[in-house]
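Since each chain sits alone in its own frame, please combine them into the complex, following the hints.
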Amino acid sequence: MSLTSFLANKDVKERFLQEFPKPKFDLEKEILAPPLINHWGLVGTAFDYLMRFYLKRLNPKATEKEWVAEIAAKIFNIASKYTCDGDKKLLEKIQNILSNAKTIYLQYLKSGEMNDEVIKSAILLAQLDPIYRAGVIDKNIGAIDEGDVKDLKNLISVVDPNVFKAKELCVLNPTFGEASMLVGGADVDLLIDNTLIEIKTTKYLKLERDYFNQIIGYYILYRIGGIYAAPPEHKIEKLGIYYSRYGVLYTIAINDIINETKLLSFIDWFKKKAAIEFKDIKSSELIAQKTTKILRQGLLSRSFSPMKKEERINLYKQALTELIQKGGDGSFVIFEEPATKKFVQFAGSKEENPLCDIPPKNLQQTKKSDFES
Amino acid sequence: MRYTPQELTTDEEERLRKLREFYRHDYGSHYTYHAKLSRYEIEKAAELAEKIFVDVFKLPQDYEVKVELNLENMK
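Protein sequence lines, in the order shown, are assigned to chains A and B. Quick note on numbering: numbering that gives the first Met the number 0 labels position 344 of the first sequence as 343, and the sequence is numbered without any gaps. Quick note on numbering: numbering that gives the first Met the number 0 labels position 70 of the second sequence as 69, and the sequence is numbered without any gaps.
Some hints could be false.
No farther apart than 25 Å at their CA atoms in a straight line, the calculated lysine-lysine pairs in the PhoX-like style are these [stated by the list, open to error]:
#	chain 1	residue 1	chain 2	residue 2
1	B	K57	A	K270
2	A	K21	A	K237
3	B	K65	A	K21
4	A	K164	A	K101
5	A	K28	A	K202
6	A	K360	B	K65
7	A	K92	B	K17
8	A	K12	A	K272
9	B	K65	A	K340
10	B	K35	A	K325
11	A	K109	A	K164
12	B	K43	A	K316
13	A	K308	B	K65
14	B	K57	A	K307
15	B	K50	A	K316
Keep in mind the hints are simulated off the structure, nothing from the lab.
Looking at chain B on its own, in the form it has when it is part of the complex (with noise of 0.2 Å):
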């Protein structure tokens, strides 16, 4: 994972906790915001991507997204 916070701005981290999927995790010195989702629930995560970046992050509706993925420990 990647652990370096990215800078959100007050009003972002407002929209963010807005969302009634989001949870605040406190680690002591900092924190960061989870949301937990069923393995069934792929449609619903990737909407969940999707309202993040269009409706906390305020990207316009054709923004572009990389993805990276990995994959540890396969067996």
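Excised from the complex, chain A in its bound form (with noise of 0.2 Å):
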């Protein structure tokens, strides 16, 4: 669930096809760091941590969000609270991970010296990424390939600093308030000033339909919601795809693809359609939900077995009937999904009638310290 899983609907598609012609894409350059290996996704990610290291050094003033690695840390914090020993281990391992690379980032912030070690950082914090994207581990998790290594020295070699010197503003990673939530959570990589930056490490050279889409879309979100860290009179005048193997920043200004005066009623079929796809998911149902995603996903010890309604209604007469039927004082039963240990209990007997009980302990001090920085 994302703005990229919003924008694959096939009714999105065309609307936005329809809405917004594709603008001329003229750039041709020879590419300056060619992939090394395929690691496409892992890189991309990588090379996005490493921007961001990369503008807070060019940029000590710019705006930093919490990173999303750390986000997938309390979430699988929160997952490994169920679990057997053997993710006790890789929730160390995750933690020590992020301890190292905020380390290991600080020293870069005071040196500047881009070596290994920030660039290794890079990668282990992207392996984080799709726990908190996906709701998927990893298998790699703390491994590292020296081509990987390799590739990205290249990809920050390149980087301009010229061109992403702030005047003014520099946002990294920026949501839009509320409005991220409504396709389910939604950031971009940069804003520089007056530009909205998505950062795409791909060896074309193309001003591909999805891209397109992909920085309209952050733009809708923005004028919903804003954006987080900057000031509410701020405006967006352009929007940025910076094209990392090329070193090319490639910007489009807003008046040439927009018409304003069709744009609110655009904005309205979105956040209508948004609200039918997404059900207005708030943000703490989003972790519920990707928690109990990376539960299921074989880290238990347990395997799952997919059940289906009518088994469990059957299942749950048979232990209702019996209970009722035989049971004496003090009887009950429970019901309960194992990987999530949440639960049903009904108490009952053959003298008393069923009494579904749910005691609850609710999670707000739980969820405020573990989400709070």
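Shown next, in the form of structure tokens:
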């Protein structure tokens, strides 16, 4: 669930196609940092981290948000409360990765030395992102391929600092207030002054329709919810894609692609469509869903056996019938989902009618401490 | 009965409160949620359990369930 998955919806794609004609793309350039190894996804995410490290050093006043890897670690932390020893070891590994990465990052900000340790930290952080973004655990967490280190070294060496030096505002990985949750969570890579920038680490220097839709999608979210850490009056005037393998930033002026008179009705449609697709999901529920997904990936030592509703209803009926036909005083039945340990219990007996009991413990306090850094 | 409370999020508790079958039962230092059913309403009780897992806990449609039946003082 994300802006990307929302944009993959057939109706959404068609509507974007009708509303926003793709501009002419005539950039031509030789590739400066060709891919060295086929870990495209990992290198792309690792470069996003590395670029943000670099930009924080270049623009010391840049606003940062909590790293996605940090949120991922928190989600894994919650999930690991229900899991076996193996998962606790993985949790320890994840926490070590985070704390080392923070130390190395702070050292880099002081020294400006982009060494192998900084690059390796970016790779390790990138391995954690899928936990948050997709509820998936990378099996290679903690492992580093030297080819990826070299690839990232090449990529960072072709960044032109003049392009990214902010005059007044730099926000790293900004979100769009409440609007981000309209699409189940959305964050763009960078905001530099009046340009929203998405980084693409690809060997193709092309403006794919999906890339174009993505940056337009970010602009729509900005119009709905504003931008984290940017003053409310701050205006976005350009959208950009940084093609990292070419060291080139492609920008489009908003006035050239957006028809302001038609935009309000489009925004209205966008909100309604997102509400249908994402059912007004709240961030706490999103985290709960991702935690459940992680728990069900076989991280647990037990295996998951999907059940149909009819099977479960029959099981409930059988157990409840036994309870009220055979049970004496103090009898009860507990129905429990093994991965999350969520349970529903009934007391009852030959003499007593069934009584459903859900003893709660409000997570409010736990949630606050778990999610505050 | 299991007296260890499970960790309900604020949203889960809110959804549980909205189910008309349930009422809050206070024990002074703690509280719980109860729904009373007649012994002839086994089907309804089963549907209620399903409703809590799917609508309150938001588990997926194919969630797995384990049953622990404790029959005490059988005569």
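Hint numbers not upheld by this structure, sorted from lowest to highest: 3 and 7
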